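The primary structure of each chain is shown beneath.
Number of protein chains: 2
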Amino acid sequence: METNEYIERKRNEHLTDLYEFLRIPSISAQAEHKQDVERAAQWVADRLRRVGLDAVEIVQTKMHPLVYGQSLKAPGKPTVLFYGHYDVQPPEPLELWTSPAFEPTVRDGNLYGRGTADDKGQVHIHIRALDALRQTEGTLPINLKVIIEGEEEVGSENLWDYVNHNKSKLKADALVVSDTAMLAPGVPSITYGLRGLNYHQVDIIGPAQDLHSGVFGGAVPNPLTILTELFATLHDKNFRVTVPGFYDDVAVVSRAERKALNALPFKEKEFRKTVGAPALCGEKGYTVVEQLWCRPTLELNGIWGGYIGEGAKTVIPSKSHAKFSTRLVPYQDPVKIARLVERHIRKLIPKQVTCNFQLLSSGKPWVAPYTHPFFEVAHRALETGFGERAVFIREGGSIPFVTQMHDTFKVPCLLLGFGLPDENAHAPDEHILLENYFGGIKAMANFYQGLGKL
Amino acid sequence: METNEYIERKRNEHLTDLYEFLRIPSISAQAEHKQDVERAAQWVADRLRRVGLDAVEIVQTKMHPLVYGQSLKAPGKPTVLFYGHYDVQPPEPLELWTSPAFEPTVRDGNLYGRGTADDKGQVHIHIRALDALRQTEGTLPINLKVIIEGEEEVGSENLWDYVNHNKSKLKADALVVSDTAMLAPGVPSITYGLRGLNYHQVDIIGPAQDLHSGVFGGAVPNPLTILTELFATLHDKNFRVTVPGFYDDVAVVSRAERKALNALPFKEKEFRKTVGAPALCGEKGYTVVEQLWCRPTLELNGIWGGYIGEGAKTVIPSKSHAKFSTRLVPYQDPVKIARLVERHIRKLIPKQVTCNFQLLSSGKPWVAPYTHPFFEVAHRALETGFGERAVFIREGGSIPFVTQMHDTFKVPCLLLGFGLPDENAHAPDEHILLENYFGGIKAMANFYQGLGKL
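Those protein sequence lines, which keep their order, are chains A and B.
When the letters of the first sequence are read in order and numbered with numbering that gives the first Met the number 0, they come out as residues 0 to 453.
When the letters of the second sequence are read in order and numbered with numbering that gives the first Met the number 0, they come out as residues 0 to 453.
Read the hints as simulated data drawn from the structure, not as lab findings.
Quick caveat: nothing in here was measured; it's all calculated off a predicted structure.
Cβ atoms here follow ideal geometry from the backbone N, Cα and C, with glycine treated the same way.
Hints are supplied without guarantee of correctness; some may be wrong.
[To be verified] Ranges between beta-carbon positions, derived for each pair:
1) A:Glu156 x B:Glu269: 48 to 56 Å
2) A:Glu19 x B:Gln208: 24 to 32 Å
3) B:Thr353 x A:Glu156: 37 to 45 Å
4) B:Gln34 x A:Thr353: 44 to 52 Å
5) B:Ala207 x A:Asn261: 20 to 28 Å
[Unchecked claim] Below, a list of computed lysine-lysine pairs in the DSS-like style, where the Cα atoms sit at most 27 Å apart:
6) B:Lys312 x A:Lys61
7) B:Lys350 x A:Lys236
8) A:Lys318 x B:Lys61
9) A:Lys350 x B:Lys266
10) A:Lys272 x B:Lys350
11) A:Lys318 x B:Lys272
12) B:Lys350 x A:Lys283
13) A:Lys350 x B:Lys272
14) A:Lys312 x B:Lys61
15) B:Lys452 x B:Lys409
16) A:Lys268 x B:Lys318
17) B:Lys236 x A:Lys236
18) B:Lys318 x A:Lys236
19) B:Lys346 x A:Lys272
20) B:Lys346 x A:Lys283
21) B:Lys346 x A:Lys236
22) B:Lys268 x A:Lys318
23) A:Lys266 x B:Lys350
24) B:Lys283 x A:Lys318
25) B:Lys268 x A:Lys350
26) B:Lys33 x B:Lys9
27) B:Lys318 x A:Lys283
28) A:Lys312 x B:Lys335
29) A:Lys268 x B:Lys350
30) A:Lys318 x B:Lys318
31) B:Lys312 x A:Lys272
Bound-form chain A, shown alone (with noise of 0.2 Å):
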């Protein structure tokens, strides 16, 4: 039977394999679900087996085992390294999931659970696609290698190490990954551009303990008021980050480049829907397109201090937290931005207060030519499995991974997603859309085969 005609037949199939590795509730992040994690990588272990990869082996790290696999039985045919992970985010809240996070449920064409489109149900395209290729054609036409990670939602400490430590065994011609979105629905997407990140906190300090806002206030400095002054001031009237130095090194995307970023079928009426807020806000002189994914940001992610209870409570408190995030664009260097935030911020803090501060997380920015003919492949390939051309795009959000294996190894890094930009990756709801799911198994299998055909 033909691999296309195979995969379409084998719907039902691939669904029911899928849910079984949906209903594990892989959570690495809390430590009650450290024998699920385990379970889940033994579980994708045996599909790597099952699809016939080699010397399939669950690595034990520190925290959580990432499973590796590989097939090298096509001499002079490209190597590829594919990397997903089977780790999931917490699904709380619960109480806001229509249907049970770990019970797989599928609505208006949509499957419904954690972990759908963030990413197994991605590393299961492959899986999927792999068994098709075995079924239909008995080997694979290329060489593969294969790691899938168990600690992707807290960090991947230590596959960098494992990384490190395996460098000559992992080489290859190629990396891909599959665990960003879609342009949009019916609109196949290869994306070749992110953006870094720095995530810090800053803690103010003012009185040595919460006061009596009766009993005091007026007098003393309040660490809440003090962090709303600091923060009301880190942009300007045009949305622009007011930091100095902040986009000195920001590359200028040429004409060319924002001429085709700007002709994508982006629906910016879409956006705002998903969006829901009731108008949008972002830096002058740019598109929404342009803000989202070559632009660099600043962005309060949390804010605390003093009672936040129910009622009233007259406290001026002791301490004001924030959390924030700068997002980053080629050629800003994340050190040198996080040291001018912090400078800019220290300076601004009044003498009343003192203040901590601290960097949490860091990450490159990425962005490559899509010119190598593996790209070719893949654009092709993603036309066969969706019957729609496939366009090139960018993303804002940030895989740290993917700059560090592209430093390390020099090679194209090809990150063909199958989830779509409103899919709750990170909240209740998660889901994938079925047809992309579908999609990406026969356009996997194609793009493994064209491969071989190079």
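Knowing the structure of chain A, use the given hints to seat chain B on it.
What follows is chain B alone, placed relative to chain A:
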């Protein structure tokens, strides 16, 4: 035996009895302590009977009972209404207490425990003063009505119902309250002014749900940033509130009163030490005492939104929240000020978000002349109790009940408090200075004796 000598000799007995009262965890805010609250009411009723009051009753309300008692056996003599409360604040966070909250413990001349200062210790001062008068003089030299309520820490809602239904029963020549603080150790104080209070909550709503700050950041409104920009504009460089009309009705404090207040033995150095911040911060042109007692404020009491847990989560939240309050002085009208504040904030809310606005509580400011002869009696009694000249002070906090009683009964209100500003009334390690407790008993006995001689 002379009354003062009796009080001095019975120090151990006062404390043993007080410990019994303090050991009852009468936490009005916590449902699981409902029986403890009732036990405390019974304890108070029993003590009022023992010191010779008649018609002692435990009045059930919709929430917690209040205790009433009276002694009307001094015809032609003044009638005093004494108010206090037997309920206490929750003790949490428990781990910050040096000794357990409900196990009274003496350290360095202070008695530690929840309720020592606010307000069980101060209620007990009156109980022991009445006991001393009964033991040494046989009868009370004046007429007395007593209300000790059990809902002060949760808003006193039912108290006001009770007062409204019992106006003629409660009629008196003066109200006496012991729920305030002395200016400093060794400085007995009569409080003649309180600030009013409006307590608000504002919720800012942007995106329809939490968004990924990578995927969406740069093109959408961030309710956290908007909250900081909003509150940063509410004070000017001189720390004045920028709400138009906010200061319109603020009473100009007379030159004589300013002089008197600034001549008080207020130790700014001690105040700085208590606050413990690197520097103070207040409205330009006013001394600390004036800032605290005579000037209105706007203070944030709590802010929250987005991710506030450990580590990093890259979210742009749908909502942000702030609790804030204005402290008001004569002749600011809380209703008018609440309207001005809400109107101003609504005007500042940008079009990208919506907002909810709530007024959670409201109370008028109060300042009254201390010209009535009862003040002279109180002044002398405090001097006898403490061996130091008493002072007239205002205070920055709010006791809505005092204003309401003053408006209803139009009689002098004598705020004779024996706490101290740093006594941690609503915090861990609440305490009362033992010398204030003993001095208070003597002062109150002398006060009642003095009124009897008018």
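Practice item. Identify every previously stated hint that the structure contradicts and give their numbers, smallest first. Key: 8 and 26
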